[in-house]
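Chemist: Those sequence lines, one after another, are chains D and R. Under our numbering, residues 669 to 998 are what the first sequence spells out, in order. Under our numbering, residues 669 to 998 are what the second sequence spells out, in order.
Since the hints were made in silico from the structure, they are not lab data. Careful: at least some of the hints might be erroneous.
Which copy is meant is left open, because identical chains are indistinguishable; a pair holds if it fits in one copy or across any two.
[What the hints assert, rightly or not] Derived pair list, reagent style BS3-like, types lysine-lysine, alpha-carbon separation capped at 27 angstroms:
no.	residue 1	residue 2
1	Lys695	Lys805
2	Lys945	Lys805
3	Lys673	Lys807
4	Lys944	Lys862
5	Lys720	Lys807
6	Lys742	Lys945
There are 2 protein chains.
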Amino acid sequence: MILSKRPVGMPSEDTWTMQEAEIPSLKEGEFLIQNHYISLDPAMRGWMNDTKSYIPPVAIGDVMRAGSIGTVIKSNNHPKFKEGDVLTGWGGVQQYDVSQGENYYQVDTKLAPMPTYIGTLGMPGMTAYFGILEVGKIKEGDTVLVSGAAGAVGSIVGQIAKIKGCRVVGIAGGPDKCTYLTEELGFDGAIDYKNENIHSGIKQHCPKGIDVYFDNVGGDILDAALARLRMHARVVICGAISQYNNTTAIKGPSNYLSLLVNRATMQGMVVLDYAKKYGEGAMQMGQWMMQGKLKTREDVYEGIENFYPTFQRLFTGEKKGKLVLKVIEE
Amino acid sequence: MILSKRPVGMPSEDTWTMQEAEIPSLKEGEFLIQNHYISLDPAMRGWMNDTKSYIPPVAIGDVMRAGSIGTVIKSNNHPKFKEGDVLTGWGGVQQYDVSQGENYYQVDTKLAPMPTYIGTLGMPGMTAYFGILEVGKIKEGDTVLVSGAAGAVGSIVGQIAKIKGCRVVGIAGGPDKCTYLTEELGFDGAIDYKNENIHSGIKQHCPKGIDVYFDNVGGDILDAALARLRMHARVVICGAISQYNNTTAIKGPSNYLSLLVNRATMQGMVVLDYAKKYGEGAMQMGQWMMQGKLKTREDVYEGIENFYPTFQRLFTGEKKGKLVLKVIEE
Chain D
669 MILSKRPVGM PSEDTWTMQE AEIPSLKEGE FLIQNHYISL DPAMRGWMND
719 TKSYIPPVAI GDVMRAGSIG TVIKSNNHPK FKEGDVLTGW GGVQQYDVSQ
769 GENYYQVDTK LAPMPTYIGT LGMPGMTAYF GILEVGKIKE GDTVLVSGAA
819 GAVGSIVGQI AKIKGCRVVG IAGGPDKCTY LTEELGFDGA IDYKNENIHS
869 GIKQHCPKGI DVYFDNVGGD ILDAALARLR MHARVVICGA ISQYNNTTAI
919 KGPSNYLSLL VNRATMQGMV VLDYAKKYGE GAMQMGQWMM QGKLKTREDV
969 YEGIENFYPT FQRLFTGEKK GKLVLKVIEE
Chain R
669 MILSKRPVGM PSEDTWTMQE AEIPSLKEGE FLIQNHYISL DPAMRGWMND
719 TKSYIPPVAI GDVMRAGSIG TVIKSNNHPK FKEGDVLTGW GGVQQYDVSQ
769 GENYYQVDTK LAPMPTYIGT LGMPGMTAYF GILEVGKIKE GDTVLVSGAA
819 GAVGSIVGQI AKIKGCRVVG IAGGPDKCTY LTEELGFDGA IDYKNENIHS
869 GIKQHCPKGI DVYFDNVGGD ILDAALARLR MHARVVICGA ISQYNNTTAI
919 KGPSNYLSLL VNRATMQGMV VLDYAKKYGE GAMQMGQWMM QGKLKTREDV
969 YEGIENFYPT FQRLFTGEKK GKLVLKVIEE
């Protein structure tokens, strides 16, 4: 799937072009991997803008960037990976990738199924783990509010905060997602931003205010959270999905002076900075999963030709948990 | 000077009422202090709003809150302070105050003149000292940008950053203030926001970007600074003078996602939190002043009846350095 033009606002079907190509022959030290699953994440929208960011934009004409998991089907003397190895990496929105192995890691599918390795044990899980622990600096007894709470990152953030003894409130769209948070994931409260007033919801569920707000959405929800910070609160800026498809200027948080009043901190994070510690995060989260403390849910769609309608679900919210596309040619 | 009503937008002359009253007789343990000077600060505007903040609002009918310095002229067995002692504290916009001594501290006018004790050695100086060192966490070689740079806080922030080996750029209004920054205070650069494009000014003077931005003003200048942050930058939110008299919602920083891209931190501060360490700050700044490394400038106006036109200068910028009103009855 080739990025064919830079979208303004919400991408449309012709933002990408499906292109078939011959699999190139392997040079010495290269391998060919067949992608089984690719990861669909809100961050992809940002990679399509031609602006300075934490990672270069995807060039027009290049394969759309995406996290992936697949199996090595041929290796031309690659020093680390051989046929049959299952690797996760940046395979892109395509069915095969030829690589020298940069940023590919081998995983063990006996321990967890493939989609989990690009979800809870992949970027979204690492983002949640390091974001809430190292940037949010949660402590037992904290009131933690998380937006996008039923999503790939938010659902893990909230569960980790519960494991660490926090009171956890999630914000999500629709009664089903809210029930999922409280009934299945053990959140202490959930606010349905599509059907409830966000201000009164936060007031009701966080009567003493918020110690840590983990923001995936930006916009009015960020402002509402800022209005209820406690002293020395931490606001983790992980994403701003409500703003990614804006055609006008991003809405800045009008209530940012709450940071002053409450001596609070707002800090941005990018998961790539924690790459050296992914192993630690995966080990800990794998353990929690085996103990039944951390639940993970992937919503898997099929067919690379369905990339665009599946991608759209990131922004409409019509998905349950981590969004994954099965692309393997069968 | 009594707060007679809550202003909407910029206060007007009838926001306050001048009122004469008999000096009450002193109870056991009280003293009477004659105010010589009062401190005029942007924060006063915030204290007039009936909203939750870091300090309760001034009540309608109460004396307007202000920092002050004066001389004890009568003491009815106060355990610490006696006639002739010079004290600084929250004496308010009035000529005399009766107190039991809470938040009054004795100072030595042989070491520095009275206005300096409510300027560089008072709240503005402490705000600068703890703000740039403890919140800004400057290190040698950092590029430091400060707004309101010719003001009571900003001028000290910039000089401390110079002492600590940083490259310092100030933003101020008008060529006189900019010349003052570079010629007299040793700033490496100055941007005149009234006559220059702020974006190109920052680009020119901070070609490698900003490590620490100390914000006194908010609004468009905050947004321009956010757009040029370096990795792991720190933004100190000290004030937002451009927004204090807004009658519409505060302008939030549209570029706040720069915090994410640059893994940067935006943190609010209130000087009152550092009260236990004021002694340390005053000692260090006093030493720098004696060594000629830290210059201080107060702009002193006279007469309590001139409170309102002097207060206005905070927002018009028609002042040079720390704004002080001499109120002593002579």
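Chemist: If a hint holds in the structure, say so; if it does not, say that too.
Modeler: Going through the hints against the structure:
1. Neither within a single protomer nor between protomers do Lys695 and Lys805 lie at most 27 angstroms apart by alpha-carbon distance, with minima of 46 angstroms and 50 angstroms respectively.
2. For the homomeric pair Lys945 and Lys805, the shortest alpha-carbon distances inside one copy (16 angstroms) and between copies (26 angstroms) are both at most 27 angstroms.
3. Taking the closest pair of Cα atoms, Lys673 and Lys807 never come within 27 angstroms of each other, the shortest separation being 45 angstroms inside a single copy and 43 angstroms across copies.
4. For the identical chains of this complex, Lys944 and Lys862 are neighbours neither inside a copy (38 angstroms) nor across copies (47 angstroms), given an alpha-carbon limit of 27 angstroms.
5. When the C-alpha separation of Lys720 and Lys807 is checked against a cutoff of 27 angstroms, the pair qualifies only between copies, where the shortest distance is 26 angstroms, while the shortest distance within a copy is 34 angstroms.
6. Taking the closest pair of Cα atoms, Lys742 and Lys945 never come within 27 angstroms of each other, the shortest separation being 30 angstroms inside a single copy and 66 angstroms across copies.
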